[in-house]
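Engineer: Residue numbers (this note's numbering), protein chains in the order written: chain Y, 1 to 267; chain B, 1001 to 1298.
For the record, the hints were derived by calculation from the structure and aren't laboratory data.
For every residue, glycine included, the Cβ atom is placed at its ideal position computed from N, Cα and C.
You can take every hint at face value.
Looking from chain B toward chain Y, a few residues come up when the C-beta cut is under 7 Å (computed):
(1) 1100
(2) 1228
(3) 1229
Listed next, the stretches of chain Y that the computed footprint assigns to chain B, with coverage defined by at least 3 CB atoms under 8 Å from CB atoms of chain B:
(4) 112-121
(5) 127-137
(6) 207-215
(7) 225-233
Only some residues are given here: those of chain B computed to face chain Y with a beta carbon under 8 Å:
(8) 1086
(9) 1098
(10) 1208
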Amino acid sequence: MRGDGKDTKADGVVSEDLQQKRTLIERICENAGMNDLGAAFIQAAHLLAGREPALLGVIVLSLRVSLSALLIASLIGAPCGALLAVCRFPGRRLLIVAFNAMMGLPPVVVGLLIYILLSRAGPLGTFGLLFTPAAMVMAQSVLIVPIIIALTRQVIANDWEEYAELLRSLGARWWQIIPTLLWEARQALLTVLLAGFGRAVAEVGAVMMVGGNIDGLTRVMTTTIALETSKGNLAFALALGTVLLVLVFLVNALAYLSRPHSAQHGI
Amino acid sequence: MNRLRIQASHRWYLPLLALVLMVALPSLAQTGAAVPTAPLQVLAQAQGGSATLLVGSTTSTEQSGLFSYLLPLFVQASGIQVHVVAIGTGQALDLGRRGDVDVLCVHDRPAEDRFVAEGYATRRYDLMYNDFVLIGPRSDPAQVAGARDVLEALQRIKARQASFVSRGDRSGTYEAELRLWNLAGIDIRADHGPWYRDTGTGMGPALNIAAAMDAYILSDRGTWIAFRNRQSLAIVKEGDSRLRNDYGLLLVNPQRHPHVKAAAGQQFIDWLVSAAGQRAIANYKIQGEQLFFPDARP
Chain Y
1 MRGDGKDTKA DGVVSEDLQQ KRTLIERICE NAGMNDLGAA FIQAAHLLAG REPALLGVIV
61 LSLRVSLSAL LIASLIGAPC GALLAVCRFP GRRLLIVAFN AMMGLPPVVV GLLIYILLSR
121 AGPLGTFGLL FTPAAMVMAQ SVLIVPIIIA LTRQVIANDW EEYAELLRSL GARWWQIIPT
181 LLWEARQALL TVLLAGFGRA VAEVGAVMMV GGNIDGLTRV MTTTIALETS KGNLAFALAL
241 GTVLLVLVFL VNALAYLSRP HSAQHGI
Chain B
1001 MNRLRIQASH RWYLPLLALV LMVALPSLAQ TGAAVPTAPL QVLAQAQGGS ATLLVGSTTS
1061 TEQSGLFSYL LPLFVQASGI QVHVVAIGTG QALDLGRRGD VDVLCVHDRP AEDRFVAEGY
1121 ATRRYDLMYN DFVLIGPRSD PAQVAGARDV LEALQRIKAR QASFVSRGDR SGTYEAELRL
1181 WNLAGIDIRA DHGPWYRDTG TGMGPALNIA AAMDAYILSD RGTWIAFRNR QSLAIVKEGD
1241 SRLRNDYGLL LVNPQRHPHV KAAAGQQFID WLVSAAGQRA IANYKIQGEQ LFFPDARP
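Bound-form chain B, shown alone:
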């Protein structure tokens, strides 16, 4: 055994020490130098504190920067910390059904009404709206810009078999896209060719794909304004009343999920639909352009 040990240097413990320090020190600092009894507990406290709210939100409200603008204002007004998980509307509603978030901010009216009907929330609150825009290459190969309305624009895209990128997830934008195809008299899920790309991605990644292949795509205006990798894409059709995009608020029903922070969640909703919250939403601009239009009813 001695023969084996002889080669040992005294520096073997350095990486291990660095590792332990790296892991342990920040937790100590976080808990005010109290010795953590169980690491899981300490880490859970980061979220489990009574004044921390978990919000499941559509990607557009997070990626457009609205929440990073609103949340500090709400924290200042209430002292309640809000953590936002940004995810497609369909998935966000599922998080609510499982009780994994307290409040939902989503944009798919039929799905939201279903959520309330199933008893996962007691009511839906109007919050704000903006609109969807039809994006396409500036060259506009399907001559969508000359179309009467968005429905004719979609018909032209299909007739020309111009590339179209679809979200293909369960997001509010995808549901809106399906409704528009439907209104245009096209059963797009059954009747499409290789020009229609079902990408199964979020708004941003889908826009990246559309930019790379000069395709048409339906986007919410907020994400589009904040999107930086436009390449040759531009808005080709907008301003149709059927392109309205409503955002709603839901408080997960505490009778379904008793751990839901109902009081704090209600406070958050009340603030958002209050005059102060609505004013803050209206004030949020990117490059001088207002992204969301408050429409809560008192």
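The following block holds chain Y by itself, in its conformation from the complex:
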């Protein structure tokens, strides 16, 4: 993201000018007898008003990485989940339990796994992907694929019970059944995708490990929050957290408003 040298100075989230502004805000809050929480909300409003343009790059990267991961994970996860719901094969139950369990994968473990894979000394080391956004997309995809698979399977299994007879009477085969069921369940699947997105965008352990939290290259919202917390800028970290919440809310609102069937349900 860092292009030529000219814009480097504006890249750091905490430029000197902003630092001064922030100190000023904190001093005002202190005088008014406000604590970190009060300062955080004032700063959040400040950030949301777009007064710290350097933050924009961090926000855009957060969304890009997590949405890319979501895209990859849903392309893999949705068909797999549907397959698990519709097809009967040996080991299916074991797979279902395994994917359900993997919804609880600890992000640090996934980060470590991807780190070992991508490290120069690791099997995929030659591609030089460690400490790039691509590595972060990989880590988040691995994290949310089980969520998409497990939840999709649940959704599709319910629909399958309802439509199995109809689809069978039409003589549909499994490769026709699965797209049809996915299509029919698209509204419920949107919630599945949002669950995956939520997990991806809120995650910090894995992206910190494989992204390295490099300023202007792999620094996302969550790693910025972790960094500011470790600098003792608690109010600013909290303000960033509020911005992240607002972002996730906006993504959810967009998804909700563009839902299919919204007219029929009168919502």
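Given chain Y, put chain B in place with the hints provided.
Structural biologist: For chain B alone, kept in the frame of chain Y given last:
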């Protein structure tokens, strides 16, 4: 099948479209509107360009803001982009051993010498120094301020069983803390009670913990000066020669890891130890206070 399709609205594709646009557009802009052949390739180019250097650095140099001050100056002088991964010294050295970074900026002299002895670097460069400071609550329950030197201060903390927060990771600061306990005649890893909190965290998080529980803690001065959540903490002991904190530079040996950007890495090191680089380090101040003192030998 028709019965199933009838309910379909025409807006189903909107979220998907938004998703694809969000993901695709910035990559297009980045590659000058060239159609990306493989997304991984495009993303890798962001880092893999020939004039991009990856530096593994201790957290103190990054969190104190030194690198965000120095790097633009170096970019201006050389045109080489530098990306910094800030991590504890022990972990940073491991990144170097695995060949995941090109240059290291760390502060644990014995570990750095080991790194060179193992052949992962050909030599170590002096860069700068500052010092460690003993931080504690202003009330100073262990009466450390009256101690003769830092060793007696540590002995007093142990005698009073006053809360002490230790990094407990493999950072340079933790290694320095262990050396100081050792010099004070205390085998802290074997001989400590619940007053000694091994937190396993970075400098900043450890300072946050110390601030929350009014504990003593050893910190590098740079991180302390830049630290904002001090609450009742203050420097209680400083100025002991044993508290000196040396920073060194290492170029990962290209004979060990052929992909290391040795030329650019050497250029970075040469600039940092040059008169211009050293002057820039000396000029970096927070609230009028100089954080690092250059000491490279020409």
